[in-house]
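Residue numbers (the working numbering), protein chains in the order written: chain A, 1 to 414; chain B, 1 to 301.
Bear in mind the hints are in silico, worked out from the structure with no lab data behind them. Where is the CB? At the ideal position from N, CA and C, for every residue including glycine. Don't take every hint at face value.
[Stated by the list, open to error] Quick list of the computed label-pair ranges, beta carbon to beta carbon:
1) A/D246 with B/L94: 30 to 40 Å
2) B/L169 with A/D246: 14 to 24 Å
3) B/V29 with A/K408: 37 to 47 Å
4) A/G30 with B/V122: 29 to 39 Å
5) A/D308 with B/V122: 35 to 45 Å
6) A/G51 with B/C93: 54 to 64 Å
7) A/P178 with B/G60: 39 to 49 Å
8) B/D57 with A/I74: 14 to 24 Å
9) A/I278 with B/V165: 27 to 37 Å
10) A/S80 with B/T106: 55 to 65 Å
[What the hints assert, rightly or not] List time: in silico SDA-like cross-link candidates among lysine to any residue, alpha-carbon distance up to 20 Å:
11) A/K79 with B/F236
12) A/K230 with A/R180
13) A/K408 with B/G54
14) A/K408 with B/F58
15) A/K117 with A/S321
16) A/K414 with A/R350
17) A/K67 with B/F236
18) A/K67 with B/F58
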Amino acid sequence: MQGFPVNRRRVLGMALAAPAILGAKARAAGVIQMISHRYPALEHFAEKMRGAIPGVAVNTQLMPVDKAMELATIALSSKSDTPDIVWASDTTFQNFVKNGWFRPLDDLWAKFRDEFKLDDYPDAVLAPYRHEGRLYVLPHTVNTMMFFYRSDLFAKAGKTPPKTISEYRDLAKSFHSPMRAGTISCLKPVDAAVNEAHWYLNALGDGWFDKDWHPAFNTPKSVAAIEVLKDVTRYAQQGFTTAANDECTIALQQDTASMGLQWATRAKSMDDPAKSRIVNLIEWVPPPQGHARIAGDGYAISAYSKQDPETLFRIIATSSSQASMRQAAALLIPPRKSLLDDPELAKANRFYPAALASYETGMRAPSLPEFNAIGEFVTRRILQGVTGELSVKQALDTAAAETETFLKGHGYYK
Amino acid sequence: MTALSPRRRGPFHRQRGAWWLFLLPSGVVLTGVMLFPLGYAFWLSLHNYDLGSGSRDFIGLGNYAELLGDERFWNTLLRTVAIVMTAVSLEFCLGLMVAYGLYRLTFGVRVLNLLMFLPNIVTPVVAALFLRWIFIGRWGLVSGLLISWGIFPPDFLGDPVWARVTVVLADAWQFTPFMILVLYAGLNTVDQSQIEAAQIDGAGVWTLLFHIMLPSIRPLIVFVLAIRLMDAFRFFDTLYVLTAGGPGTATETITLYTYALAFRLLQVGKACALGVLTLVCVAMLVAVMIRVVYRREKGAF
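All chains should be modelled from the sequences, with the hints used to inform the complete structure.
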């Protein structure tokens, strides 16, 4: 038998090559990294991902939405092979896809269609996650903003839920007192302020953009809409300019506000005696005049991941299986038909009827990859208008000029 | 004085060579973690590097010209200077008073020093979250206390003036202990014979402080103020959590603008240019401060 000749040069060569070889293998079979926004429903899905495949370790990093996006942007823009799985919403995924940071899922979707009953997803839920005909995100939630109101206060005052924003403003005024605000208002830049402005701009104004992506948020109707928003904030809780969903939810739970717009995923916590002083006192209806924001969460696979795509898809799909979504049904609106039509779930979660009705009248954010970036300076200007640093018209005109410049720099308006 | 023979000069020269060897590790680390990133940031600042559009064209000083003509840059810069100056002045005055108090204290100094230093070792984001729950409107700790005493609280984070005050207080709460520690250590280095001589001449407590002790620790004062100025200019975590720059733009500082450029608008080149401009501003501010403190002493620094 010819032996393996061992000499000094060969040993040195092996020593140098070993870390690279072992490192590559260790990375391929190593811990799968996931980055996500955090709220109770997504915490549930993260837990399911960690236990999705026995023997496959998944490290789930959950953090506030801004931080999650920041981390994902830094990693993916530098073509890092981590994270492997990235949280995405209907507004954030577009920019990532445009930059080539996400892997299309169509082949994996076709392969695992039967195993994970993927036909259970309605087309309307998948459509926002397609770019140039290809699917990039596996949806986990459907979310919609609903109108939360205190049934006891309304009954005592002989009032009914508002049908128009004008009625809403009058009710906010009538319920407002130093100890309990007339309404919640969540205007923390950027995401919370975008959500609230979205409702006013679409219900009363001309929306965000025209069909050629020119700003429509500074038309006379839109300026009037933001003036109404400003007027309503006179009856909002203290610190509304720095309040996001958490602060607004707590304001309702702690009986320091009477009503307002909030996400359906926050509804169940109103009845949690460990967190809420108003158990069973909140009711929900669709937002007056509709057009409030609808959105959703899901997970995508990084285009730079070195992990096996089938393993990654299996982890994501396991976390969004029917069984997993049924367990989390109190925390979200499940995007699967079988669960949406389930009378048992509707009975167990009394906010479902209002959530589904809100979804019918709601509106998604513009399908513009740059919308998140534009939100930064538009909400900044809107807040300048609301707090009186600028007039609303001046603020929106300035924001429109900034938007035109920004989009022009990104190849629009040729 | 006789010249050293080549034989005697040899080891000395060899020793001088060895000094460089000792400096090498720290030099390599500094180059790796400070000079290279700084140089790379400067290089990126000369490009229209936009993660959103994928462009990365060399534009020379274009980003700098754009920023210098940008109203938001000047507004955030002025606001930053105002917040930093107020916060650092407050921290210095409070720090000096407490340090002098500790200096004159005859017992319990160590325990008090340790307790007062606690806010400084809390992670800024965690500290900011504490402070947010303390100052948040209506159900925050301060508001709750005021309401229980029958006083309706102001909107600490929602009113522009109160928001600025809260931000300054938050910074002072966290960084005054650093001032106390350094100044207290400095006061303890003052020559006892000078103090005793002044006391024999009838100097009181305040005369001792302002005419003997403070002039003696002037280099330390410059050092601590320079460190805090540089640090406060980078003030981000607390602001981001407490007010996110609001209400409106009342507390929007230059670091928040840099963050928005880099991570919201994805304009990395412009964000790097803003970072370099911030560095220049801080360097100028520190140079001015040193010049003011040492205006009568040529070549002090």
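To see whether the hints hold, each was checked on the structure:
no.	hint	verdict
1	A/D246 with B/L94: 30 to 40 Å	holds (33 Å)
2	B/L169 with A/D246: 14 to 24 Å	holds (23 Å)
3	B/V29 with A/K408: 37 to 47 Å	holds (44 Å)
4	A/G30 with B/V122: 29 to 39 Å	holds (34 Å)
5	A/D308 with B/V122: 35 to 45 Å	holds (42 Å)
6	A/G51 with B/C93: 54 to 64 Å	holds (56 Å)
7	A/P178 with B/G60: 39 to 49 Å	violated (57 Å)
8	B/D57 with A/I74: 14 to 24 Å	holds (21 Å)
9	A/I278 with B/V165: 27 to 37 Å	holds (32 Å)
10	A/S80 with B/T106: 55 to 65 Å	holds (58 Å)
11	A/K79 with B/F236	violated (27 Å)
12	A/K230 with A/R180	holds (19 Å)
13	A/K408 with B/G54	holds (14 Å)
14	A/K408 with B/F58	holds (19 Å)
15	A/K117 with A/S321	holds (8 Å)
16	A/K414 with A/R350	violated (50 Å)
17	A/K67 with B/F236	holds (14 Å)
18	A/K67 with B/F58	violated (29 Å)
Consistency note: the structure conflicts with the earlier hints numbered 7, 11, 16 and 18.
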